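Residue numbers (our numbering), protein chains in the order written: chain A, 1 to 219; chain B, 1 to 105; chain C, 1 to 105.
Take these hints with a grain of salt, some might be off.
Said to hold, decoys possible - Under the rule of at most 30 Å between Cα atoms (straight-line distance), these lysine-lysine pairs were calculated in the DSSO-like manner:
| # | chain 1 | residue 1 | chain 2 | residue 2 |
| --- | --- | --- | --- | --- |
| 1 | C | K25 | A | K142 |
| 2 | A | K142 | A | K72 |
| 3 | A | K164 | B | K95 |
| 4 | B | K95 | A | K84 |
| 5 | C | K80 | A | K116 |
Unchecked claim - Short derived list, chain A residues pointing at chain C, Cβ under 8 Å:
| # | residue |
| --- | --- |
| 6 | P154 |
| 7 | V171 |
| 8 | V174 |
| 9 | T177 |
| 10 | D179 |
| 11 | E198 |
These are computed hints drawn from the structure, not numbers from a lab. Everything numeric in this text was worked out from a predicted model, so none of it was measured. From the three backbone atoms N, C-alpha and C, an ideal C-beta is built for every residue, glycine too.
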Amino acid sequence: MDEPATHVHDHHDHTHGPDDHAPIHAHGPKPEYALLERAIRELLIAKGVFGAGDLRRQIDLMDSRSPSQGAKLVARAWVDPEYKKRLLTDAKKAAAELAVDCSNAPEVVVLENTPKRHHLVVCTLCSCYPKAILGIPPAWYKSVEYRARAVKDPRGVLAEFGTKLPEDVEVRVVDSTADMRYLVLPMRPSGSEGWSEERLAALVTRDSMIGVTTPTLPA
Amino acid sequence: MRAMHDLGGVEPMASAAIDREEHALTQFDKNVDALMYLLSHPSRRIIRVDELRRAIESFTPLQYSSLTYYEKWLQAMHDLLVEKGVLTREEIAQKCAALRAETAT
Amino acid sequence: MKAGARYSPGDRVRVRLDWPEAGAKRVHIRTPHYLRGRSGVVERVFGAYPNPEALAFGQPGLPAQPLYQVRFAQAPLWAKAASADTVIADLYEHWLEPDAEAHHG
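Let the hints inform the model, and build the full structure from the sequences given.
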């Protein structure tokens, strides 16, 4: 295979939590695919299938999607039991209440972690993910290893992400096989009593809403 | 009997370590993602996500294993746009040749 | 939408042991291989959705198929030691049949 056209090492100085510790690498497309993308894009625009502005707006919209949207929903659910009920019954409507727009997106179902049950989301057939809320999935979520392993060895996967759960907790793997996109509502960590919603939201990582980790207080 | 993409529990991947490195999205990734969104949008419905998946699932095993995530999407979009007559194979090839000539000068 | 769904939460169901991908015809299947022939319990009923197996080939996928969230015990899927761990998957009604047997973990 051809070498990727670009290989950008982008060492960010994030302090958002355990998700961001690894250096972030960008992997460019093979040259023939870079060319094919441009060809298809320019042909479709020339034919008026959509405009260049439509494309730019969609890219901006996806850039604005990030796990912080999901964290906002989770933090609200932690402080407001009525909101939590609405989030668990109709997630898209509850997201809209907090200005997270999921129209034109697949159905979203929120699953609540409890002291007796922990959810871990995967898509073994593809890479289905609640993109409208969390943005584009991480590379590992789309990897063949994660897709193969999560349903067979969920506790091993959790351990790789540094998550150890007692044996009496039911680990419930969620294979997103159809029209639903799943978001985990993690448990609020003890010690966060009385915290503001904003401070709570900072505890909620992307990985904890996929279910590979659980929110913890900063050391 | 399982299909190539039907990966749940499949060895040796189900026993392999997971590469947790974070990959920033490239402009290519973002373009392909946005193209698919626009093509599948209810106002156009030119390619459904289900069709994109079907097209990816009919790749050769080599294509499936060697293409990156968004290269797969793009190849599938290409195949479906041709299948549906939105674009022809020839005009795409011509456009690619023209772009190649342009970047070579 | 839920009217017309054959199963209700708590019902025992079995996933059809069928391998459409083994035939000559190209197919798009949303029932993972590792659940075929397995017994589970209906957890939720989601209403009816156009059948993605048909949408994937440009057909309307009607009538819409009731969609269920079905729970399976983790251990029997992989012949592991019994545990409380489970797997849930979303399966369309035409892939399910009633399961009379009382053992499902």
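**Prompt:** So which of those numbered hints doesn't the model satisfy?
**Reply:** 3, 4 and 11
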